[in-house]
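J.: All chains should be built: construct the whole structure from the sequences, respecting the hints.
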Amino acid sequence: MIKKIFVALAIFGLFSIFLPIMINFDFHQNLSELSTQYVKGSVEDLNSQNVVTSVIVTYRGLDTLGEVTVLFLATAGIGFLLKKRKGKKRVASELLQTSSSFLSVVIIMFGIFIFSHGHLTPGGGFQGGVMIASAFLLLMLSDVNLELNHTILQFIESLSGAFYVVVGLIGLVLTIGFLNSKIIPLGEYGNLFSAGAIPLIYSFVGLKVGSELTNILDAMGGD
Amino acid sequence: MIFALILGFALLLIGIYGMLSQRNLIKIVISFSIADTGTHIIIVAIGYLRGRTAPILDKAIDIANATHKVVDPIPSALVLTAIVIGLAVTALMLSFIIELYKKKKSLSIDDYQELKW
Chain A
1 MIKKIFVALA
11 IFGLFSIFLP
21 IMINFDFHQN
31 LSELSTQYVK
41 GSVEDLNSQN
51 VVTSVIVTYR
61 GLDTLGEVTV
71 LFLATAGIGF
81 LLKKRKGKKR
91 VASELLQTSS
101 SFLSVVIIMF
111 GIFIFSHGHL
121 TPGGGFQGGV
131 MIASAFLLLM
141 LSDVNLELNH
151 TILQFIESLS
161 GAFYVVVGLI
171 GLVLTIGFLN
181 SKIIPLGEYG
191 NLFSAGAIPL
201 IYSFVGLKVG
211 SELTNILDAM
221 GGD
Chain B
224 MIFALILGFA
234 LLLIGIYGML
244 SQRNLIKIVI
254 SFSIADTGTH
264 IIIVAIGYLR
274 GRTAPILDKA
284 IDIANATHKV
294 VDPIPSALVL
304 TAIVIGLAVT
314 ALMLSFIIEL
324 YKKKKSLSID
334 DYQELKW
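Residue numbers (the working numbering), protein chains in the order written: chain A, 1 to 223; chain B, 224 to 340.
For the record, the hints were derived by calculation from the structure and aren't laboratory data. Backbone N, C-alpha and C define an ideal beta-carbon position, used for all residues, glycine too. Do not take every clue at face value.
[As the list claims (entries may be wrong)] From chain B, some residues computed to sit far from chain A (all C-beta separations above 12 Å):
1) 250
2) 253
3) 255
4) 256
5) 260
6) 265
7) 272
8) 295
9) 327
10) 329
11) 331
12) 334
13) 335
14) 336
[Claimed, not checked] List of simulated lysine-lysine pairs, BS3-like, C-alpha gap at most 30 Å:
15) 3/A / 339/B
16) 328/B / 4/A
17) 4/A / 292/B
18) 339/B / 328/B
19) 326/B / 250/B
20) 325/B / 250/B
21) 250/B / 328/B
22) 325/B / 83/A
23) 182/A / 292/B
24) 327/B / 250/B
25) 339/B / 4/A
26) 339/B / 83/A
27) 3/A / 326/B
28) 250/B / 83/A
29) 83/A / 326/B
30) 292/B / 282/B
31) 282/B / 83/A
32) 3/A / 250/B
33) 328/B / 3/A
34) 182/A / 40/A
35) 282/B / 40/A
36) 250/B / 4/A
37) 40/A / 292/B
38) 339/B / 325/B
39) 327/B / 3/A
40) 282/B / 182/A
T.: Structure, rendered in C-alpha cells:
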C-alpha cells in the first residue's frame with residue numbers, strides 16, 4: 001500500500017513538472033539560427049538534399065561515431081551474455097523456405113538502396129542496416145537450423161567501423177576537420193554521386209548496423 | 224503540435240508508472256519502451272513548424288527559399304540517434320532477463336533482492 005502511494009506521488013510530481021512545460025510551450029514560427037545555417041549549408045556547402053543526413057553525418061558526425069560505438073557495445077554485451085545453444089528443431093515447409101530465400105535477397109537489395117541513397121531520400125545507414133537485418137531475420141525464422149558465417153559478419157562489422165574512422169581521419173590529414181565530407185569532390189546536386197563522402201560514410205554505417213543487428217538476432221534466436 | 228506534445232508526455236508518464244508499479248521484468252522493459260517512444264514524440268513535436276514539409280530539399284521545394292519551407296532538422300536527427308540506442312538498450316535488457324531467468328527460473332523482480340537496500 002505504502003509503495004502505491006509513493007508511486008502515485010512520483011507520477012503526480014512528474015505531472016506537475018511537465019504541465020507548465022506543456023502549457024507554456026512556445027512553438028517556434030521560424031527555424032532557429034543554427035537550423036537555418038544547417039539548411040543553407042546542406043545546399044550550398046555540402047550538396048546534400050537530405051538535411052537530416054547532413055546534420056547526422058557531417059555537422060554532428062562525432063555524435064554518430066559515438067552512437068555506432070554504443071551500438072557496438074550493446075551488441076558485444078548481448079553476444080557475451082547469450083551463448084548460442086545447438087539443438088534440432090522442426091524445419092519449416094518447403095514453400096516458406098523457398099519464398100523467404102527469394103524475398104530476403106530483394107529485402108537486402110532494398111536495404112542497400114536505402115543506405116546508399118541516404119543523402120537524397122528519407123533513409124540512411126541506420127534504417128538500411130535494420131532492413132538488412134530484417135532479411136536475415138526472415139531467413140532465420142524460415143530455417144531454424146540456419147548457421148550464419150560469423151567470421152564474415154565480424155569481418156564486415158569491424159572493417160566498416162575501421163573505414164568509418166579512416167574516412168574521418170583523412171579529413172584531419174587534409175586539415176579540413178574530422179569527418180568532414182568534403183574530402184571527395186562534391187558532385188552535382190541531386191545525383192547519387194554527390195554530397196562528397198556522405199554516401200560512403202552512410203554505407204559503412206549501414207553495413208556495420210546491419211551486421212551488428214544480425215548478430216543480435218542470431219544470439220537471441222539461439223535460446 | 225500541442226496534441227503530439229500531450230500524447231508524448233502522456234506516454235512518458237504511463238511508461239514511468241509502468242516501470243515503478245510492475246513486478247514482471249518483461250513488463251518493466253515494455254514500460255521502458257513506452258517511455259522511450261514518448262520522449263521521441265516530444266522531441267519531434269518540439270521541432271515541428273506549422274504548414275512546413277520534411278527537410279529534404281528536392282525539386283518539390285523552392286531551394287532558394289528553403290529555410291521558410293522545412294521543419295527543424297535537428298530534432299529529427301536527435302530522434303534518429305535515440306531510436307537506434309533505444310533498440311540496442313532494449314535488446315541488452317532482454318538478454319539480461321534471459322540470463323536472470325536461467326539462474327532462478329523466475330521473472331518477478333521480488334525474487335531478485337540481492338541488491339536491495
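J.: So, for every hint listed, does it hold in this structure?
T.: Hints, verified against the model:
1. The non-interface label for residue 250/B is consistent with chain A: the shortest C-beta to C-beta separation is roughly 14 Å, beyond 12 Å.
2. For residue 253/B, the condition that its CB be more than 12 Å from all CB atoms of chain A holds, with the nearest at approximately 16 Å.
3. Listed as outside the interface, residue 255/B is consistent with that label: its C-beta sits roughly 14 Å from the nearest C-beta of chain A, beyond the 12 Å cut-off.
4. Listed as outside the interface, residue 256/B is consistent with that label: its C-beta sits roughly 15 Å from the nearest C-beta of chain A, beyond the 12 Å cut-off.
5. For residue 260/B, the requirement that its beta carbon stay farther than 12 Å from each beta carbon of chain A is met, with the minimum near 16 Å.
6. A cut-off of 12 Å between C-beta atoms contradicts the statement that residue 265/B is not in contact with chain A; the least separation is 9 Å.
7. At roughly 6 Å from the closest C-beta of chain A, the C-beta of residue 272/B falls inside 12 Å, breaking its exclusion from the interface.
8. Not every Cβ of chain A is farther than 12 Å from the Cβ of residue 295/B; the closest lies at roughly 5 Å, contradicting the non-interface assignment.
9. Its beta-carbon lying about 15 Å from the closest one in chain A, residue 327/B satisfies the requirement of being farther than 12 Å from that chain.
10. Every C-beta of chain A lies more than 12 Å from that of residue 329/B, the closest at about 17 Å, which supports listing it as non-interface.
11. At roughly 15 Å from the closest C-beta of chain A, the C-beta of residue 331/B stays outside 12 Å, upholding its exclusion from the interface.
12. The beta carbon of residue 334/B is kept farther than 12 Å from every beta carbon of chain A, the shortest such distance being approximately 17 Å.
13. With a least CB separation of 16 Å from chain A, residue 335/B remains clear of the 12 Å interface cut-off, as annotated.
14. Every beta carbon of chain A lies more than 12 Å from that of residue 336/B, the smallest distance being close to 14 Å; the non-interface claim holds.
15. For the hint linking residue 3/A to residue 339/B, the alpha-carbon distance of about 15 Å falls within 30 Å, and the restraint holds.
16. With a C-alpha separation of about 27 Å, the suggested pair residue 328/B and residue 4/A falls inside the 30 Å cut-off, and the hint holds.
17. Only pairs whose Cα atoms come within 30 Å are accepted, and residue 4/A paired with residue 292/B is rejected, the gap being roughly 49 Å.
18. Restraint check: the Cα-Cα separation between residue 339/B and residue 328/B comes to about 19 Å, which is no more than 30 Å; the hinted pair holds.
19. For the suggested pair residue 326/B and residue 250/B, the alpha carbons sit about 19 Å apart, so the restraint of at most 30 Å is met.
20. Simply put, residue 325/B and residue 250/B have alpha-carbon atoms about 18 Å apart, close enough for the 30 Å limit, and the pair holds.
21. A threshold of 30 Å between alpha carbons decides the hint, and for residue 250/B with residue 328/B the separation of about 16 Å falls inside it, so the pair holds.
22. A hinted pair counts as satisfied when its Cα atoms are at most 30 Å apart, and residue 325/B with residue 83/A qualifies at roughly 12 Å.
23. For the given pair, residue 182/A sits about 26 Å from residue 292/B by alpha-carbon distance, which is consistent with the 30 Å threshold.
24. With a CA separation close to 18 Å, the supplied pair residue 327/B and residue 250/B stays within the 30 Å bound.
25. For the proposed pair residue 339/B and residue 4/A, the alpha carbon gap of about 18 Å is at most 30 Å, so the pair holds.
26. Of the supplied pair hints, the one linking residue 339/B and residue 83/A holds, its CA atoms being roughly 28 Å apart against a limit of 30 Å.
27. The suggested pairing of residue 3/A with residue 326/B holds, with an alpha-carbon distance near 27 Å, which does not exceed 30 Å.
28. Pair hint residue 250/B plus residue 83/A holds up; C-alpha atoms about 24 Å apart against a cutoff of 30 Å.
29. For the proposed pair residue 83/A and residue 326/B, the alpha carbon gap of about 14 Å is at most 30 Å, so the pair holds.
30. Taking the CA atoms of residue 292/B and residue 282/B, the gap is near 13 Å; set against the 30 Å cutoff, the hint holds.
31. Taken as a hint, the residue 282/B and residue 83/A pair is broken in the structure, with Cα atoms around 50 Å apart against an allowance of 30 Å.
32. Restraint check for residue 3/A and residue 250/B: satisfied, since their Cα atoms lie roughly 18 Å apart, inside the 30 Å limit.
33. As the CA atoms of residue 328/B and residue 3/A are separated by approximately 26 Å, the hinted pair is consistent with the 30 Å bound.
34. For the hint linking residue 182/A to residue 40/A, the alpha-carbon distance of about 16 Å falls within 30 Å, and the restraint holds.
35. Between the alpha carbons of residue 282/B and residue 40/A the distance comes to roughly 16 Å, so the proposed pair stays at or under 30 Å and holds.
36. With a C-alpha separation of about 17 Å, the suggested pair residue 250/B and residue 4/A falls inside the 30 Å cut-off, and the hint holds.
37. This hinted pair checks out: residue 40/A and residue 292/B have alpha carbons roughly 12 Å apart, not beyond 30 Å.
38. Restraint check for residue 339/B and residue 325/B: satisfied, since their Cα atoms lie roughly 20 Å apart, inside the 30 Å limit.
39. For the hint linking residue 327/B to residue 3/A, the alpha-carbon distance of about 25 Å falls within 30 Å, and the restraint holds.
40. The straight-line distance between the Cα atoms of residue 282/B and residue 182/A is roughly 23 Å, inside the 30 Å bound, and the hint therefore holds.
In summary, the numbered hints that this structure violates are 6, 7, 8, 17, 31.
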